[in-house]
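There are 2 protein chains.
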Amino acid sequence: MTRLVYGFGDGTSDGNARMSDLLGDKGADLAEMCRIGLPVPPGFTLSTEVCSYFFAHGHSFPPSLKDEVEAALAAVGRITGRQFGDATAPLLVAVRSGSRTPMPGMLASVLNVGLNDAVVAAIGRTDGDAFAFDSYRRFIQAYADVVMGVERDELEEILDLYKDDNGHLLDTDLSAADWRAVVDLYKARVSEATGQPFPQDPHVQLWGAIAAVIRSWMNARAATYRKLHDIPESWGSAVTVQAMVFGNRGEHSAAGVAFTRNPSTGEKLLYGEYLPDALGEEVVSGFRSPHDLTETARQLSLSEHAALETSMPGPFARFAAICGELERHFRDMLDVEFVIEQGELWMLQCRRARRSTKAALRIAVDMVAEGLIDAREALTRIDPLSLEQLLHPSVDPEAHRHILATGLPASPGAATGEIVFSAEDAAAAAHAGRAVILVRSDTSPEDIHGMHAAKGVLTTRGGMTSHAAVVARGIGTPCVCGASVLRVDRAQGILTAGATRLKKGDVITIDGSTGQVLLGRAAMLRPELTGDFATLMGWADSCRRLGVRANADTPADARVARGFGAEGIGLCRTEHMFFEHGRIVAMREMILADSEDGRRAALAKLLPMQRADFVDLFEIMHGLPVTIRLLDPPLHEFLPKSPADVIDVAAAMGVPAERLIERAEHLREENPMLGHRGVRLAISHPEIYEMQARAIFEAAAVVAKSQGVAVVPEIMVPLVGMVEELDLVKTLIDRVAAAVARETGVSVRYSIGTMIELPRAVLRAGDIARTAEFFSFGTNDLTQTTYGLSRDDAAGFLEAYAARGIMAKDPFATLDTEGVGEFIRIATGRGRATRPDIKLGICGEHGGDPASIRFCDEVGLDYVSCSPFRVPIARLAAAQATIKGT
Amino acid sequence: MTRLVYGFGDGTSDGNARMSDLLGDKGADLAEMCRIGLPVPPGFTLSTEVCSYFFAHGHSFPPSLKDEVEAALAAVGRITGRQFGDATAPLLVAVRSGSRTPMPGMLASVLNVGLNDAVVAAIGRTDGDAFAFDSYRRFIQAYADVVMGVERDELEEILDLYKDDNGHLLDTDLSAADWRAVVDLYKARVSEATGQPFPQDPHVQLWGAIAAVIRSWMNARAATYRKLHDIPESWGSAVTVQAMVFGNRGEHSAAGVAFTRNPSTGEKLLYGEYLPDALGEEVVSGFRSPHDLTETARQLSLSEHAALETSMPGPFARFAAICGELERHFRDMLDVEFVIEQGELWMLQCRRARRSTKAALRIAVDMVAEGLIDAREALTRIDPLSLEQLLHPSVDPEAHRHILATGLPASPGAATGEIVFSAEDAAAAAHAGRAVILVRSDTSPEDIHGMHAAKGVLTTRGGMTSHAAVVARGIGTPCVCGASVLRVDRAQGILTAGATRLKKGDVITIDGSTGQVLLGRAAMLRPELTGDFATLMGWADSCRRLGVRANADTPADARVARGFGAEGIGLCRTEHMFFEHGRIVAMREMILADSEDGRRAALAKLLPMQRADFVDLFEIMHGLPVTIRLLDPPLHEFLPKSPADVIDVAAAMGVPAERLIERAEHLREENPMLGHRGVRLAISHPEIYEMQARAIFEAAAVVAKSQGVAVVPEIMVPLVGMVEELDLVKTLIDRVAAAVARETGVSVRYSIGTMIELPRAVLRAGDIARTAEFFSFGTNDLTQTTYGLSRDDAAGFLEAYAARGIMAKDPFATLDTEGVGEFIRIATGRGRATRPDIKLGICGEHGGDPASIRFCDEVGLDYVSCSPFRVPIARLAAAQATIKGT
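Just so you know, the protein sequences line up as chains A and B, in that order.
Position 876 of the first sequence, counting from 1, maps to 876 under this note's numbering, and the rest follow consecutively.
Position in the second sequence counted from 1, then plus 1000, gives you this note's numbering.
Hints may be right or wrong, so weigh each one.
[To be verified] On the chain B side, residues computed to face chain A include the following (Cβ under 7 Å):
# : residue
1 : Thr1535
2 : Glu1670
3 : Ile1683
4 : Ser1684
5 : Val1702
6 : Gly1721
7 : Leu1758
8 : Leu1763
9 : Phe1797
Treat the hints as calculated values from the structure; they're not laboratory data.
For glycine and all other residues, C-beta sits at the position ideal for the given N, C-alpha and C.
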């Protein structure tokens, strides 16, 4: 028979800290504290298996549970010298939930279980009726709510009415008689609402409380929280039953909470609050201002209340010593709760404390210096994603926020600026030195220069991988996407947020880390890359197996990427080079040309510009690998869309608007994602890739001569589904390389590879690897084709999926390991079977997602490539993957 | 040392009919005829290995070849009593190509090799100078062209000039002296053009001819033909060298060609033509009208020329006997060439004859009756695709055709009618009893009623799987797609074909079997499903393993499908039911509704209509399985597109046009193929599938009561990528089924399954099969997602793929076995691993393609489903697959 109940108290315990699967985090940590001899009120924990049994058996308990609970309760009685329901020395218990990981405030708990009319009288005799009946009414209120389904407000209302009727203002104004009267009113209301009297049998109370705590595992709030935090329903909650201790038993009593270090800065100083003669819930409720723990803190806060260090020096010294002992034992910064009951210190909880990223870094680095942990352990202590907080400016969490709307946190960081509604206005304003936020329903490649010019981007449509989001992340511009309650009227120049109408020039702030859109200017915190950050990154680099590159299209990107430690460029999207002013004209000339000769003439104009781009990139990367993807998007993306733009462009080009419209109509596609793009452009218009290859080789020759550094371009062909496509392009590239080598006298070493972004490419990876020297998994498109899901269109209906719990995670943010992941495994296997030394990387958005990076490490890719601002995250995540894998 | 030369003659031969890989079809059949004792001029064949060697070794011959050829030539000399180059009894030979399968007219041949100034004199002495020099000038002309690169026309011109100068009109007017003069002029011209004299050494001539015949394997015409007919370049051509015989040696000589049965009707009667005192090339040249072979034929043709049967009764009797013997030997209808040289019959060629589909059926069935072949063999004799000729009306091949354009043969059959440019006009004209052709740049679901009303559909955009093509094939309407040289000006009502401008009401004919668009009315042949057709289909049904179902959406479809022998409906697309007049209004109301209640109210109007549809279908199918696919397309497909339509629809619905525009804008998608459709609609709008499920179960209950037949609907959920999606829908369907069972008292047996049309569904097939009771491979969409290729957009750029030889076949027409096919294998394996009795079928366009059907049989699917008009093709192809697999 499996054990279901684990006792603790008086320096021994059945459980320990490693048993949080069975005992929940709270139960396990209490057992551990007890085990190492700390003062913990005795109690016992019903394991999570009870919870599983309960839901699997129509809300009933395992048969053996009753005896185990009775025995454990008796043990608590022996330690405390009190008996449950005893009218002389009664035992009261707290019944609390406990899941494997904290779910603060989500699950139920009931304190003071064991109180009834007889027991309250007994307590009154020893501690006074005021204390006794106050406790009783708190218990009734909680029990009625949690166990019997009588809303807390209903009883609260009775208390308010009683105070009004009797001229009392504060709870403390009530006498014992008042509380007694309130308790009677409460009991009457419960009886009326439920048709049964408030239970007087402490055992009935106990089992009622246990069942209610377990039931709360399935309440709606908890279910939502689990979904948000990836907590499996199957884990269940443990239930800890523990002898009550009271911080409100007079002047020698107190309750408090503390962090063993400063959770904002990480400074190694005890940090916390307490209240004398109070319950723990009062410390955190905000009704009374809590006092400082240490004299140092009191001096800083200018508080007139004595610090615990001064008011109760004995218990404080014991507490401070215990905090140190706990840190050494758990080797981490902790968050603890304590009670001092008539001079005696009790530890009620201890758990790993939440902390700011800055604090986390400092604590990890400090603890390595203190010898508490080693560098590998320190690396696992930091959530890679939390580093984003450090890399971008952020809205001061203390600042007032007037929230206009909340969209998707598409690109981290915050930005304040004047509203503009067009890329042109953004560029003009930036030129005039004004900070602007580009506000659009959605963006297209034509907006790129505006996105570069703006301090932030806000869209009302599109998801985390919409054009705006991808580009913004790529260039490190804060962005909020899909703020669908906002309405953009571009023609009128109006942005409507409910009743608020904003116009061009009005100031807003966007917080790309939370998705909030704020009215006006918000106070900001600047990024600070401290020495701790650099130290930790150094450890990460010496630990990780995976290489980390950046997706960088421009010299600015490349500089940021190198600054953040990228080891190369894993994806340079050449099409972005064609959208720049002056270039798009030549690009459009090419598209409008009727013949190959006409196209070649236009491409000849683009050649020197593209070559100059590559020269810049190669110089910045100084010999690091640069993977250049040849032109990918369909040609119609380069043509103007709106009638007004068509007229402007036609006039500027000196061609009839009809010509432009006709060409656009001819190029129009039902499903551009599945259309005439990528290598398909090279099959129909080989001269484009030919120009690009020439620009690459000529640039490499220039840099080889000027810097004396060998540039090794990796030329990547997108959208390959058949090896025949790649063969054709390789022939073309090899021919151009030979020609440039003859012309310049510089023979450039280069490799040719392909994106793996189509399911067919996955299946034919064995063939394709005969020609391809590297694969880069384009997991954005591969996710689209695997799911048959357009990322431009998915945001709307995937909400329904999330709401119905069908899709746990956005597959465009975190790699779908069951689908896309299997394809990566297949392609990796088949590619390596043909060419064992084939270089394998990933360049989709997933390259910057820690969970996906772990997968990439596991399947044995050589590197990940991500946006420049994600590079530190990827370095850390890669290190964690190595640590977890060994 | 491998043998390179295979001799034949005088009743023996080194080769036989099974050696066409080595000897080519011609060489193998000559060897076989010789082997069975038929009169064949002796000769020898250089194997295809000589060809392979030739191209692999810089156009040189294997070292041992010369000796083998000399020996074989000597053997021919022994049989004929003539020697090559001998001035008394000279041997002349024909040098002919021969690939494994016939490539008529593609490769070179040279006759009369061995003629020179000395030999011509010798022949002149025995056969007269006119014959001798005519032969010589023919030889020079051919040799100069094929071997020496002097254009045939250059020498032809010399002859024409000579005739003009000398007042001759016909070749027969020329005397021996004239021919001698012409020969001299020819030789002079050759010498002038090539800088070398015409070769006089017969061995030089022979090797020149052999090399030229081999080289012709690589000429451009042959390469194109090979690509079109899937003939590998590696096969190469054999070369047959054979003693010349002459049908132009006087009144007892003749040349002729014959089919052993009538190639149009299949009737068992010798059918052919001959000319007395003529060469074979003259019989087929058209300069002289050939005469009939048999007296019966002569009487029918009212010819005044004697039949061969009468003019040369002895050789004829021998020839007729040989034809019978050949048929018994080859067990097929043959196409033969013969020469009668001074009363002696020689067989020059025999091969399997081309025939009409009608003839092929009759011959196959007759030969089974005659005991020549068995039924299984008969089944393999018919090209399944050729059956299409029988199922649709066709343009009389004899009729005059004024071709306006040639597009893609998108849906077979021919149709004549007045041009209309809108679905509305088509419907109105059909209502008025006029035949119309609906002409559009492309079609959308709103055009469906017009496509039903029209006799044929013509589009200027889109490929073989464009909307127009798919719908047209589905409903059996002839269709030509992507006739891109045509221009449709819908506003003006003008169709422009080059200089021809046609307007609404002008009559055109489209031939959906060839892709031709013809001006005016063309003569038609009606379909005839003869008894032979039924006999063969019966054999096919008793032989095949695969089931054959039809894709049928309407009662009309279902009736056609049953008429063609479908064993059920494999795909009923319910969305087509919503486009019908009266229904689309309710559908649009649902789409415009703001709330679930509003949607339910609109759906309630659709329920009785949809139920009635299913009642009809179930009644027609009378207990056969019906697979119903729940709504698949995105909702925006049901909204009007053009501004004019929007205004009309808004007025009709009584809603502001802005409302409709706003909704359409909200629903607009970048990539509808990858958008909010299929099961995704059910996740966001479960009430739609709920209505559909109710309609199905209520209809099944109605039919169960009225017909007493148990209807077993197979409910198919489209676009599933995760089992969770299917689970949700299954719960909904099961709930509706239980409710309808309670209400009607009829419990309907049903199964729930899914389309496998996304790569992710393939990978997760094991999970999905936990819920799905059947899989139907939706290979249209699976091909799109596997390749990342939009079939609506692919037509344009896949031309470049075809031109560069990258993609051998349209993957939307013939299954991509290397990509999509591997997915079918994977899903089949994983699905069966979970659920061994899972039912597996295919319902994409490939279900009607013979090559794809063979694949489906091989991977073990249970059935294929195709358009009704493809059902007979699928039945035959399935039978052939079974035969090939055993």
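For each hint given before, does the structure comply? Return the numbers of the non-compliant ones in rising order. Of the numbered hints, 1, 5 do not hold.
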